[in-house]
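*Asks:* Listed below, chain by chain, are the residues.
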Amino acid sequence: QKEVEQDPGPLSVPEGAIVSLNCTYSNSAFQYFMWYRQYSRKGPELLMYTYSSGNKEDGRFTAQVDKSSKYISLFIRDSQPSDSATYLCAMSEGGSNYKLTFGKGTLLTVNP
Amino acid sequence: GAVVSQHPSRVICKSGTSVKIECRSLDFQATTMFWYRQFPKQSLMLMATSNEGSKATYEQGVEKDKFLINHASLTLSTLTVASAHPEDSSFYICSARVSPGSTEAFFGQGTRLTVV
Chain A
1 QKEVEQDPGP LSVPEGAIVS LNCTYSNSAF QYFMWYRQYS RKGPELLMYT YSSGNKEDGR
61 FTAQVDKSSK YISLFIRDSQ PSDSATYLCA MSEGGSNYKL TFGKGTLLTV NP
Chain B
1 GAVVSQHPSR VICKSGTSVK IECRSLDFQA TTMFWYRQFP KQSLMLMATS NEGSKATYEQ
61 GVEKDKFLIN HASLTLSTLT VASAHPEDSS FYICSARVSP GSTEAFFGQG TRLTVV
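First to last, the protein sequences are chains A and B.
Number 76 in my numbering belongs to position 76 of the first sequence; there are no gaps in the numbering.
Number 101 in my numbering belongs to position 101 of the second sequence; there are no gaps in the numbering.
There may be inaccurate statements among the hints.
[Claimed, not checked] Computed from the model, here is a short list of chain B residues facing chain A with C-beta under 8 angstroms:
(1) K55
(2) F106
(3) Q109
(4) G110
Honestly, the hints are just simulated from the structure, not real lab data.
Where is the CB? At the ideal position from N, CA and C, for every residue including glycine.
Could you build the full structure based on these sequences and the hints that come with them?
*Replies:* Laid out in structure tokens, this is it:
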């Protein structure tokens with residue numbers, strides 16, 4: 001079992017839809033959870049950064065972490081064509097082990 | 001967020017030549033930088049962790065004699081692909097931690113290396 005599992009998609013939705021992206025993980029020591037957006041041929045851009053369980057909202061984006069289920073989600077409300085990109089989840093144990101473990105990424109297309 | 005600048009964005013070189021990629025933190029000091037490699041439709045693979053003023057720590061399977069990393073200052077780390085071959089063609093991305101006690105990391109724009 002891989003440490004981080006993420007459905008690679010592709011996921012195609014109409015403009016204005018609510019998008020749900022998810023990752024599961026097996027390492028219970030992960031404490032820090034991130035979502036990155038990566039456009040084609042570009043470096044990843046940090047969207048959300050959360051610690052431990054709970055929700056965090058930033059504009060149209062909401063990140064949820066459920067450590068008991070080892071499951072994290074990113075919701076995008078009122079999706080726009082400009083949201084079309086690959087979304088990567090990443091997580092870290094923190095402390096002395098600050099390395100990020102990434103999911104494979106989900107390719108999202110928002111159709112106008 | 002913090003800004004990490006990576007250059008060049010794209011490079012094409014002949015087989016056998018060496019290529020240097022620069023990664024700079026523009027508005028913060030980065031004691032630790034990371035170098036990743038990404039294949040098409042794949043996730044990021046960590047190659048090495050670069051600490052300012054000390055030798056880089058390489059991940060298992062990464063040839064340190066081929067991928068030379070130098071972190072000479074708190075704002076600059078370089079990756080040199082020595083004697084590049086076509087199989088080294090890939091997308092290389094650096095990232096930097098905002099602070100020593102944080103796992104939050106920001107990425108450069110990436111470098112597309114093509115070895116012909």
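*Asks:* Each of the hints needs a verdict: does it hold here or not?
*Replies:* Taking the hints in turn, this is what the structure says about them:
{"no.": "1", "hint": "K55", "result": "violated (17 angstroms)"}
{"no.": "2", "hint": "F106", "result": "holds (6 angstroms)"}
{"no.": "3", "hint": "Q109", "result": "holds (5 angstroms)"}
{"no.": "4", "hint": "G110", "result": "holds (4 angstroms)"}
Comparing the model with each numbered hint stated earlier shows that hint 1 is the single one that does not hold.
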